[in-house]
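*Asks:* What follows is the residue order along each chain.
2 protein chains.
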Amino acid sequence: MPGTSKKANSASVSRKTKAPVFHLHVENSSKRQPLFQLREETYAAAAKRHRPLAARLKVTIGWDGDILDKQLKTADFMINSNPPREGLRERAPRLQWIQTTGAGIDGLLPLDWLPADITLTNNSGAHGDKAEDYCTMALLLLQTRAPTVFANQRDKKWIPIFTTPIAGRTAVIIGFGDLGSAAGRAAHKLGLKVIAVTRSGKARKPADAACKVGRIDSVLPKADFVIVTTPLTAGTANLLSRARLDLMKSTAGLVNIGRSPVVDYDALLDKLEKNELAGAVLDVHSPEPLPSDARMWTARNVIITPHISCDDPRYMDFLCDTWFANFARILAGKPLTNQVDRKLGY
Amino acid sequence: MPGTSKKANSASVSRKTKAPVFHLHVENSSKRQPLFQLREETYAAAAKRHRPLAARLKVTIGWDGDILDKQLKTADFMINSNPPREGLRERAPRLQWIQTTGAGIDGLLPLDWLPADITLTNNSGAHGDKAEDYCTMALLLLQTRAPTVFANQRDKKWIPIFTTPIAGRTAVIIGFGDLGSAAGRAAHKLGLKVIAVTRSGKARKPADAACKVGRIDSVLPKADFVIVTTPLTAGTANLLSRARLDLMKSTAGLVNIGRSPVVDYDALLDKLEKNELAGAVLDVHSPEPLPSDARMWTARNVIITPHISCDDPRYMDFLCDTWFANFARILAGKPLTNQVDRKLGY
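Read top to bottom, the protein sequences are chains A and B. So for the first sequence, our numbering puts the first residue at 62; every next one is plus one. So for the second sequence, our numbering puts the first residue at 62; every next one is plus one.
In isolation and in its complexed conformation, chain A is listed as follows (with noise of 0.2 Å):
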């Protein structure tokens, strides 16, 4: 860690252990939430709770790439969302795991610079308990039309508009990993009938029926609800385009927790301005932040939040627990949980 001694450091750990020490560099971004950002404390704090292990370690933690180059040296691990691409592993030759702090990694994508036998491991898993408060908050927005009674309460006008109850409807969810699962525990929750839209056309529990993403058309025109929660790859990108919206009902509505180049958001608020959909929840955006002058901001039907949906004030700390897991799987030869798969992008 910065200000403490590598060598009397790492010296003192393997005289009690004599086991051989790792060296993790963390290296953060200061232009990034400060929630993505592993700081010393935190640190410490995950330390402390997973004592034994971390006996094993050297950590150093760079910011901005103050010390990337030096410690890249000697890293055998690298907690980083925006690692070094050109020739990483000449300037890392001990390098064997990247673990990054999101769970997304379209920003790493295509992955031809990452040297085969490095590992990289992402963050998923940690969204699950959030995400799934955040698509029951959403479903129940868009059911009681929220996005115009909050415009009402805007303009000062009492218009009373009388909903049904939720129970019956039928949310169609496209991606059912971990975000999926856990927008199909929030529909399952309020009563709604789920059916996830997957690569291999099954879905586990809690959905009650599946069908494969090139079968999608069949299942749009049955929702009441639209939830997104893939990631971005070259084969979700656009997959909500202008043509598969329009196969959606006018009264349904749209929720998007995973990326927003999955949705075509142009006709999206297109249709939305000429009541040709109902409402719309949208928590990621392009580009984030998004500028003040953006169409989505003043959008008819829209409710919009700032990537919000997933993220729990503690997801640092969650972070450290995975990869002091993961750490400990490394110890035993057993192989990483979170790994991303090469060829899916995800």
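Treat the hints loosely; a few may be bogus.
Where chains are identical, the list cannot tell them apart; a pair therefore holds if satisfied intra-copy or between any two copies.
[Claimed, not checked] Straight-line alpha carbon distances no greater than 25 Å define the calculated DSS-like cross-link-like pairs of lysine-lysine that follow:
#, residue 1, residue 2
1, K92, K131
2, K266, K250
3, K250, K263
4, K217, K335
5, K218, K254
6, K217, K92
Since the hints were derived computationally from the structure, they do not count as laboratory data. Fair warning: this is a prediction, and the values are worked out from it, not measured in the lab.
On the provided structure of chain A, position chain B as indicated by the hints.
*Replies:* Structure of chain B alone, referenced to chain A:
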């Protein structure tokens, strides 16, 4: 029904059934929301669902008193949320049962105008599913600090606010009748601890604990959320006074789906402005509709909805079904459900 000759109607029914025909007069107000008007077509659909019972009835439907005095002379039953009070017994010698269209009857209190031999029933029970949805949404809105998030959307400000999942927090629910139980189910479904405040100090599931209203001061400091669901009576007016609101945590939020005079709204808005409370989601107001210059419209950290938390578009269908079930009880000599307690005032 209007347009149907009463004589022909009652005569033909009598011939078939040889059973006495009762006269039900439905009195509507054109000033109320259409949702709360019992129109001819709604009654006709209900009569189809309850054909043998409907055959025992002569029904008249009046608007704004147009045929009221004439019908009162022979009415056995009345559906009317604002029944005539002066000289009721003289004007309606046969009247034995009044059904209101709402659940809250605070507008009819005190009940000194109501002859002892006329039964008053309300529409409590029609609101549960919708209230559960609303409370689920309201709790999540408060947990995610949505009042601030939505104000930022309006101001085109991208300010991520990260909050923990809601599970594990504590909801104090004031009143645990039809609406309170619905609020309890909502909170329970989200993984909250539920403390009910009731007259008896007892509450059934899903409450985890209960306390007497006289001891409310002891539970308010424990609340992450307070949900007000009580009817308005002499005993609940100003129950959440300024002094009681002061007992709540500054991080806590308040939901009101009961009646607005139960909470000191001026004190509430003061506290929200000073961040002494985190947020409020308020569905009930005084007066309704809120006048355009009401402080409420622009208050900080408040989401307001126009009294829509508990009402389903199928509301009058439910009312008719409840009414026919009670009519069947009358024919069977059984006591009616949904009777208003004259002492308690609900």
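*Asks:* Does each hint hold? Answer for all of them.
*Replies:* Each hint, compared with the structure:
Within a single copy, K92 and K131 get their C-alpha atoms as close as 22 Å, which meets the 25 Å cut-off; across copies the closest is 77 Å, which misses it. In this assembly of identical chains, the alpha carbons of K266 and K250 lie at most 25 Å apart whether taken from the same copy (12 Å) or from different copies (18 Å). Taking CA atoms no more than 25 Å apart as the test, K250 paired with K263 passes inside one copy only; the shortest distance there is 21 Å, against 27 Å between copies. Within a single copy, K217 and K335 get their C-alpha atoms as close as 23 Å, and across copies as close as 23 Å, so both meet the 25 Å cut-off.
In this assembly of identical chains, K218 and K254 lie within 25 Å of each other by CA distance neither inside one copy nor across copies; the values are 34 Å within and 36 Å between. Taking CA atoms no more than 25 Å apart as the test, K217 paired with K92 passes between copies only; the shortest distance there is 20 Å, against 38 Å inside one copy.
The structure fails to meet hint 5 from the earlier list, while all remaining hints are met.
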